[in-house]
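Protein chains: 2
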Amino acid sequence: MYGSVMAQVAQATIGNSEFDRDTAVALRDPGVPGVYDAELSAGWTIITAVNGGYLLALLGRALGDALPHSDPFTVSAHYLTPSAPGPAVIRTETIRTGRTLSTGQASLFQYAEDGTEVERIRVLATYGDLDALPGEVRTTALPPAIPAYRDCLGPSDGPAPIPGSSAITERLNIKLDPATVGWAVGAPSGKGEVRGWFGLADGRDADPLSLLLTVDALPPTAFDLGLTGWTPTVELTTHIRCRPAPGLLRVSITTRNLAGGFLEEDAEVWDSAGRLVAQSRQLAKAPLARG
Amino acid sequence: MYGSVMAQVAQATIGNSEFDRDTAVALRDPGVPGVYDAELSAGWTIITAVNGGYLLALLGRALGDALPHSDPFTVSAHYLTPSAPGPAVIRTETIRTGRTLSTGQASLFQYAEDGTEVERIRVLATYGDLDALPGEVRTTALPPAIPAYRDCLGPSDGPAPIPGSSAITERLNIKLDPATVGWAVGAPSGKGEVRGWFGLADGRDADPLSLLLTVDALPPTAFDLGLTGWTPTVELTTHIRCRPAPGLLRVSITTRNLAGGFLEEDAEVWDSAGRLVAQSRQLAKAPLARG
Numbered sequence: 001m002y003g004s005v006m007a008q009v010a011q012a013t014i015g016n017s018e019f020d021r022d023t024a025v026a027l028r029d030p031g032v033p034g035v036y037d038a039e040l041s042a043g044w045t046i047i048t049a050v051n052g053g054y055l056l057a058l059l060g061r062a063l064g065d066a067l068p069h070s071d072p073f074t075v076s077a078h079y080l081t082p083s084a085p086g087p088a089v090i091r092t093e094t095i096r097t098g099r100t101l102s103t104g105q106a107s108l109f110q111y112a113e114d115g116t117e118v119e120r121i122r123v124l125a126t127y128g129d130l131d132a133l134p135g136e137v138r139t140t141a142l143p144p145a146i147p148a149y150r151d152c153l154g155p156s157d158g159p160a161p162i163p164g165s166s167a168i169t170e171r172l173n174i175k176l177d178p179a180t181v182g183w184a185v186g187a188p189s190g191k192g193e194v195r196g197w198f199g200l201a202d203g204r205d206a207d208p209l210s211l212l213l214t215v216d217a218l219p220p221t222a223f224d225l226g227l228t229g230w231t232p233t234v235e236l237t238t239h240i241r242c243r244p245a246p247g248l249l250r251v252s253i254t255t256r257n258l259a260g261g262f263l264e265e266d267a268e269v270w271d272s273a274g275r276l277v278a279q280s281r282q283l284a285k286a287p288l289a290r291g
Numbered sequence: 001m002y003g004s005v006m007a008q009v010a011q012a013t014i015g016n017s018e019f020d021r022d023t024a025v026a027l028r029d030p031g032v033p034g035v036y037d038a039e040l041s042a043g044w045t046i047i048t049a050v051n052g053g054y055l056l057a058l059l060g061r062a063l064g065d066a067l068p069h070s071d072p073f074t075v076s077a078h079y080l081t082p083s084a085p086g087p088a089v090i091r092t093e094t095i096r097t098g099r100t101l102s103t104g105q106a107s108l109f110q111y112a113e114d115g116t117e118v119e120r121i122r123v124l125a126t127y128g129d130l131d132a133l134p135g136e137v138r139t140t141a142l143p144p145a146i147p148a149y150r151d152c153l154g155p156s157d158g159p160a161p162i163p164g165s166s167a168i169t170e171r172l173n174i175k176l177d178p179a180t181v182g183w184a185v186g187a188p189s190g191k192g193e194v195r196g197w198f199g200l201a202d203g204r205d206a207d208p209l210s211l212l213l214t215v216d217a218l219p220p221t222a223f224d225l226g227l228t229g230w231t232p233t234v235e236l237t238t239h240i241r242c243r244p245a246p247g248l249l250r251v252s253i254t255t256r257n258l259a260g261g262f263l264e265e266d267a268e269v270w271d272s273a274g275r276l277v278a279q280s281r282q283l284a285k286a287p288l289a290r291g
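Line by line, the protein sequences are chains A and B. Just so it is clear: in the first sequence, position 152 is 152 by the UniProt record's numbering, and no numbers are missing. Just so it is clear: in the second sequence, position 273 is 273 by the UniProt record's numbering, and no numbers are missing.
Hints should not be assumed to be uniformly reliable.
Said to hold, decoys possible - In silico lysine to aspartate or glutamate, EDC-like type, Cα no more than 20 Å apart, as pairs:
{"#": "1", "chain 1": "B", "residue 1": "Lys191", "chain 2": "B", "residue 2": "Asp177"}
{"#": "2", "chain 1": "A", "residue 1": "Lys191", "chain 2": "B", "residue 2": "Glu136"}
{"#": "3", "chain 1": "A", "residue 1": "Lys285", "chain 2": "B", "residue 2": "Glu136"}
Said to hold, decoys possible - Not the full set, but computed from the structure, chain A residues with beta-carbon under 8 Å of chain B:
{"#": "4", "residue": "Thr74"}
{"#": "5", "residue": "Ser76"}
{"#": "6", "residue": "Leu80"}
{"#": "7", "residue": "Arg96"}
{"#": "8", "residue": "Glu119"}
{"#": "9", "residue": "Thr126"}
{"#": "10", "residue": "Thr139"}
{"#": "11", "residue": "Thr140"}
{"#": "12", "residue": "Ala141"}
{"#": "13", "residue": "Val234"}
{"#": "14", "residue": "His239"}
{"#": "15", "residue": "Asn257"}
{"#": "16", "residue": "Gly260"}
{"#": "17", "residue": "Gly261"}
{"#": "18", "residue": "Leu283"}
Hint data in this document are derived by calculation from the structure and do not stem from the laboratory. All C-beta atoms in this analysis are idealised placements derived from N, C-alpha and C, irrespective of residue type, glycine included.
Hey, can you work out the whole structure from these sequences and the hints?
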């Protein structure tokens with residue numbers, strides 16, 4: 001019965017999915033290149049905050065339209081003020097266009113009550129063509145050791161591994177390695193590691209834009225360090241290294257140095273073909289509260 | 001004899017050294033905030049290219065003057081066109097000022113023959129006050145295992161561990177772990193690791209600005225991967241986590257994933273007190289030539 005219902009639901013695809021609809025940007029005026037209207041969806045919020053990776057995907061989409069190259073290679077984002085669901089405008093600038101790489105800047109603004117624009121996030125990004133890269137890989141990096149998907153834990157597997165009432169939880173298919181969810185039952189490992197499987201809940205496969213969401217979508221490493229509360233991102237830089245193969249992704253996030261009230265969080269994303277498809281690092285403010 | 005000559009040379013200090021003089025920026029017009037003239041010194045070149053970390057320190061100094069906070073916490077730089085020794089102008093923008101953090105943007109331009117400005121590098125940076133941070137440290141990161149300074153190798157110790165005729169070599173006191181200089185004698189380890197001791201040759205101690213130089217000053221990991229030639233930086237993001245203690249620094253740089261003609265290079269910088277003072281990651285184009 002359940003299976004037959006599932007069979008009737010067409011799997012979402014790249015270009016036709018909730019993620020694609022919710023990251024849509026519309027050129028405001030054909031005569032003014034680089035200015036895009038967008039609507040921040042309430043579907044990608046954690047408590048009341050719009051997820052930083054979703055915002056990055058929106059900015060990434062606008063830049064992919066504005067620049068002559070379509071794939072983000074490296075995106076550096078500085079977060080300025082908290083975003084809220086609702087209308088936004090993305091203003092892009094093409095800084096340099098080259099044969100293989102082009103560099104642009106984009107800012108996402110929302111509106112104050114008097115209509116003035118308030119900047120939420122600014123990014124510098126360099127784009128290229130992932131499909132034009134040579135196939136050679138020489139890597140010493142190894143995928144994270146994560147138990148099989150069926151042996152990992154999601155939001156429905158007991159005491160809220162992903163805490164809070166978060167709309168984004170319904171849109172993500174995250175199953176965490178049980179070794180990294182001790183914090184959900186009051187027993188954080190203290191190592192600063194969270195890892196697991198990642199997909200979009202509607203089955204849409206990953207692409208470079210959704211990888212910008214993926215790098216900031218797991219519960220924060222601060223939870224595994226025994227800290228609770230908000231871990232606001234100051235800056236997040238993501239390298240997209242390869243177009244991901246279809247299928248679920250494996251993601252690990254790690255913090256090695258919590259000091260002076262700040263921490264770095266490194267993410268690695270691996271695809272089903274065993275390729276390291278994205279690497280990111282963010283600087284975040286550490287939560288003040290003990291778990 | 002040699003010792004007595006050395007004793008007569010006053011050690012350079014923070015604020016009074018070649019590095020400080022060569023990163024000086026001058027407000028162009030008291031009525032126009034945020035625009036600084038600078039002179040790119042030929043003293044910090046590798047072959048003919050101006051070192052990317054030196055450029056970053058120049059931009060960092062201008063932003064430290066323009067923003068209400070003086071210490072770089074996170075600096076994201078996208079490199080656009082190669083710089084050359086000579087005049088430059090740095091144009092900064094204050095994006096957001098907060099109580100503990102402020103964010104700015106800066107671009108370094110040089111001049112074409114017809115006087116038009118050509119952008120070399122653009123950065124987004126968030127600044128704060130390192131001395132205002134709480135002292136708590138919870139780190140799992142360990143300093144790199146490097147032999148004693150006297151057992152490490154510098155440019156004068158045989159077949160040019162730092163190849164080429166590079167003015168910057170005279171200004172740096174770099175001694176590399178012998179285990180990571182096999183490439184200098186045609187035997188790279190293939191691991192993608194280079195590590196060693198770092199100081200400024202005139203004895204000036206490290207500060208947050210000189211750390212921006214330090215993260216991009218060692219020979220590239222590509223050499224240890226058996227590749228020779230230029231490794232142009234596409235993007236480099238640096239986190240300054242702590243004001244460094246006086247004394248030599250330990251630096252390790254590592255590449256885990258060379259793929260599709262690009263590689264990431266991670267740097268860690270540790271001070272004499274055993275603190276992790278800086279972390280950086282860059283995306284660079286891999287050299288095309290085999291060593």
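For each hint, the structure was consulted:
1. B/Lys191 x B/Asp177: holds (14 Å)
2. A/Lys191 x B/Glu136: The hint holds at about 17 Å.
3. A/Lys285 x B/Glu136: The hint holds at about 13 Å.
4. Thr74: holds (4 Å)
5. Ser76: holds (3 Å)
6. Leu80: Holds: closest Cβ of chain B sits about 5 Å from A/Leu80, inside 8 Å.
7. Arg96: holds (5 Å)
8. Glu119: At 7 Å from the nearest chain B Cβ, A/Glu119 passes the 8 Å test, so the hint holds.
9. Thr126: holds (6 Å)
10. Thr139: Constraint on A/Thr139 satisfied, holds at 4 Å.
11. Thr140: holds (5 Å)
12. Ala141: holds (4 Å)
13. Val234: holds (6 Å)
14. His239: holds (5 Å)
15. Asn257: For A/Asn257, the interface hint holds, since the closest Cβ of chain B sits about 4 Å away, which is under 8 Å.
16. Gly260: Since the shortest Cβ distance to chain B is 3 Å, the answer is holds.
17. Gly261: Holds, because the Cβ-Cβ distance from A/Gly261 to chain B comes to roughly 5 Å (cut-off 8 Å).
18. Leu283: holds (5 Å)
The structure agrees with every numbered hint stated previously.
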